[in-house]
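S.K.: Let the sequences and hints guide you as you build the complete structure.
Number of protein chains: 4
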Amino acid sequence: MPHYKLVSRDNHPQNTVIKLGKTQIGKGITIIAGPCAVEDRETMLKTATALSALGVHILRGGAYKPRTSPYSFDGLGKEGLNILAEARKYSGLPFVTELTDVRHIDLLCAYADIIQVGSRNMHNFSLLKELGRIDHPVLLKRGLSATLEEWLLAAEYIMAEGNQNVILCERGIRSFDPYTRNTFDINAIPAMKNLSHLPLIADPSHGTGRRELVAPVARAALAAGADGIMVEVHPQPAQALSDGQQSLTLEEMAQIIAQLKSVTPQLAG
Amino acid sequence: MPHYKLVSRDNHPQNTVIKLGKTQIGKGITIIAGPCAVEDRETMLKTATALSALGVHILRGGAYKPRTSPYSFDGLGKEGLNILAEARKYSGLPFVTELTDVRHIDLLCAYADIIQVGSRNMHNFSLLKELGRIDHPVLLKRGLSATLEEWLLAAEYIMAEGNQNVILCERGIRSFDPYTRNTFDINAIPAMKNLSHLPLIADPSHGTGRRELVAPVARAALAAGADGIMVEVHPQPAQALSDGQQSLTLEEMAQIIAQLKSVTPQLAG
Amino acid sequence: MPHYKLVSRDNHPQNTVIKLGKTQIGKGITIIAGPCAVEDRETMLKTATALSALGVHILRGGAYKPRTSPYSFDGLGKEGLNILAEARKYSGLPFVTELTDVRHIDLLCAYADIIQVGSRNMHNFSLLKELGRIDHPVLLKRGLSATLEEWLLAAEYIMAEGNQNVILCERGIRSFDPYTRNTFDINAIPAMKNLSHLPLIADPSHGTGRRELVAPVARAALAAGADGIMVEVHPQPAQALSDGQQSLTLEEMAQIIAQLKSVTPQLAG
Amino acid sequence: MPHYKLVSRDNHPQNTVIKLGKTQIGKGITIIAGPCAVEDRETMLKTATALSALGVHILRGGAYKPRTSPYSFDGLGKEGLNILAEARKYSGLPFVTELTDVRHIDLLCAYADIIQVGSRNMHNFSLLKELGRIDHPVLLKRGLSATLEEWLLAAEYIMAEGNQNVILCERGIRSFDPYTRNTFDINAIPAMKNLSHLPLIADPSHGTGRRELVAPVARAALAAGADGIMVEVHPQPAQALSDGQQSLTLEEMAQIIAQLKSVTPQLAG
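Residue numbers (the working numbering), protein chains in the order written: chain D, 1 to 269; chain S, 270 to 538; chain W, 539 to 807; chain U, 808 to 1076.
Note that these hints are calculated values from the structure, not bench results.
It is possible that some hints are incorrect.
[What the hints assert, rightly or not] Computed list of lysine-lysine pairs in PhoX-like fashion (alpha-carbon distance at most 25 Å, straight line):
{"no.": "1", "chain 1": "W", "residue 1": "Lys565", "chain 2": "S", "residue 2": "Lys347"}
{"no.": "2", "chain 1": "W", "residue 1": "Lys560", "chain 2": "W", "residue 2": "Lys543"}
{"no.": "3", "chain 1": "W", "residue 1": "Lys799", "chain 2": "U", "residue 2": "Lys885"}
[To be verified] Residues of chain D placed beyond 10 Å of chain S at every Cβ, according to the derived structure:
{"no.": "4", "residue": "Arg9"}
{"no.": "5", "residue": "Tyr111"}
{"no.": "6", "residue": "Ser145"}
Even for Gly, the Cβ is constructed at its ideal location relative to N, Cα and C.
M.R.: This is how it looks when you write it as structure tokens:
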């Protein structure tokens, strides 16, 4: 059996809470929302302001995007980071963005509040080790078909180097049914909360790949014990340069938050 | 693309509600509970009476059990049906039990209130057709690795022969992670409720295979829109002849129902 | 760990060989071929005669077809059996056909030389038990997502009732890649030959679902130790009522056999 | 549908052949063998010399090893590269070794003949792009649960930057059966040879994870059209620091090559 040391709840019974301004990830419910990719300044600022008004706590948006094809739009790069920083200033929301290249780590740390490791890099151990040497919180997505053991040990890689600020993110596993893009692994929510003290966020957008399933799976994840949700939102999903099929409109996001407030006291304040 | 006729919500927008005494499956939350297999008269009567007192609506228990090995305990057969009928009399609860052989259909209909099709028989089309010719409600479990399309068409098999009283039951799919027995497919809950008008029950016992995950996944399934849950309960799980690892004690079942009552108005009455 | 008794090579070191007229399944290479379903008398007789001339040993053809949708063509039933019997008379080839309903067992035994259990019935334990009480050889296909353990124990179900004439058939497992219908599990070929003394046939037609992959996967299965292949052949695949996409023409089948003869001395005679 | 440009056989009908000294990868059968990791100088030199005598064409050995746990042995690093270079001098065999960190690319290019991208980095697009800017041949393993489309597009990433010397390597996919470590995808062999002009190597060691299955699956892969095999060999598998369970002894490797020579004319010379 694997030796989980730093990641294990056995060795650290109390929940880890990561503070980020007024937000406490791992205490109450944290809502992260935003577009798949930063596409242009105007859309991003408008989206950020609207999400802030809805009660979202953290902004998401990709400046460097891992794409299956080398010929797909892969993000605005540094320009995207500048736009995200401006969106933070206007909206007051901190932001999370994905690191896709170990050589960008200083650049991303200079801009972002939380560094995301995407599913495709969960097994990129040299990148994980470098993230262990910084202080920024790291949002560690589960790999495409990673076992719980592999996911826990990926977090252990970061923590073993010194950085204890790891946030886990369940985003679905690959399965056989073509109806959904991925299969959101609801079992993983209580299982990981039992096995580890780290905060756990659910990503029902990637976990389903279908807009109409995002809200019910978000509710399910919170009911199962997740510490928050991360949702893709785009003012005009049909025009999105990536992931439009699973992105919610601002109106749909407002409805989700209203629903959650009715059942989750932590959000009502 | 498949032609869903009778099973499809497109052709039948309103929810199907199946009445069984005072219970309405598909309206409010239905709780089904009981042991994996009927093991002996005394235990079954005690369990049934206790579950009735807790507010459970329907009793479950296997008299004919499909087992992977021909050398495993496979149920008490007709004696098990007699015990279930007696448990119904004492507890006032209707019961569901599994049909494993098309030649037993008259026997089971003479005893049971609901006939269950287990995962291993979801593709047993001759059995499905016979179930279409009776009036009893049929609880149709999803196959071990069945797609949503295959599951819908299995229901269509029953309905095409005349019996519209079909209840769907999600019980997890087979995946790669050894940590859980199956992967409960939470996406399937809202997806099937969108695609079909039939009632949908969640089985978090088989969907997880681990006792400590049953309650959170039950809550998740209801939050995602399931019409009820089916849970394995045994007075002494460690002594159970099958599925002990995933069975709850009566005390654990009482806790689940108390939790559900606090969040689900339909159960509070 | 499971107790494999009758199925296990540990308890029965020498290979089981099943004799059927001049054919010995489990000794040398056995070739089974024919259409997915019997469609009409003329086509079946023509196909059988041509396959016999090519050196095929056993004819296949479905009279009762398990179909995902209740509205699909599901075989000619008893008329199909009569056509198969006539094809046997003309071609001199014995035939295998699928049992889909336990109540048809006497009927099929009166006609067929080998009884097939399809993937969808590998877990149909009442059907397996009845097949244990007859003498006919049983071709037991692996279930859609069955583990090797489950497959071995399905054979054990038949053998525990008395019938030792079981032939295993690997036909692919369900996986995540939409490019192929199934993933042919080549590992299962040597693994099952190590674990069991039973003959093992490969079905590259269902194992791939694509015509152009059938020949290379057939060669691979034989190279890995399979005792034979079962291939879907149709004089006009584009007109086939089922499985046309994976059926070979008679010309393609002739090429496969010619290739095999060049590398497999047993076929050259 | 994806646009395969450089990787596609449609746009490049003839097979790509990559020359490496006397070896031509993509023409005839190429055999790559060696330990999972370089463990010490003496063992490596002994292994290399023995493999050269057996007729192996290319040496493998990891100096930087991706390991699931941060506490496992992860290779000798630069010292391992020096040992590999020495083994090349003694044995006359070129070697392939894995790149796990984009920042090591110059170092590895200074030592290795072929650069390997492991399964865990198939989706590491920044690493793939850098490999597109060098001239060394790249052995691109299929990701843990990558579709054929994703694998082809990973090759396209490298080729789009200029490096056309890509060798594909099938090493099994993740599936549900605990009996084998992975499921070797035999369908992928002819499918990828149809879709792409690139050479394709089979890795039956990782594809099965069990020593006794390596030889039959190697034969199967070659029968299905693979251009070669890559096999883990260790003088004393029980003492190996990683992957001992799937490593062959030198004697077992000798047997495999003898078997292959008897059926593969290209190796007989």
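S.K.: Now tell me, hint by hint, if it's right for this structure.
M.R.: The hints, checked one at a time:
Note on Lys565 of chain W and Lys347 of chain S: the hinted pairing is violated, with a Cα-Cα distance of about 45 Å set against a maximum of 25 Å. Between Lys560 of chain W and Lys543 of chain W, the direct Cα distance comes to roughly 30 Å. Violation of the 25 Å bound is thereby established for this hinted pair. Restraint check for Lys799 of chain W and Lys885 of chain U: the C-alpha separation of about 51 Å exceeds 25 Å, so the hint is violated. With a closest Cβ-Cβ approach of about 13 Å to chain S, Arg9 of chain D is found to remain outside the 10 Å limit, as its non-interface label requires.
The Cβ of Tyr111 of chain D lies farther than 10 Å from every Cβ of chain S, with a closest approach of about 34 Å, so its non-interface assignment holds. Not every CB of chain S lies more than 10 Å from the CB of Ser145 of chain D, the least distance being 6 Å, so the non-interface label is violated.
In summary, the numbered hints that this structure violates are 1, 2, 3 and 6.
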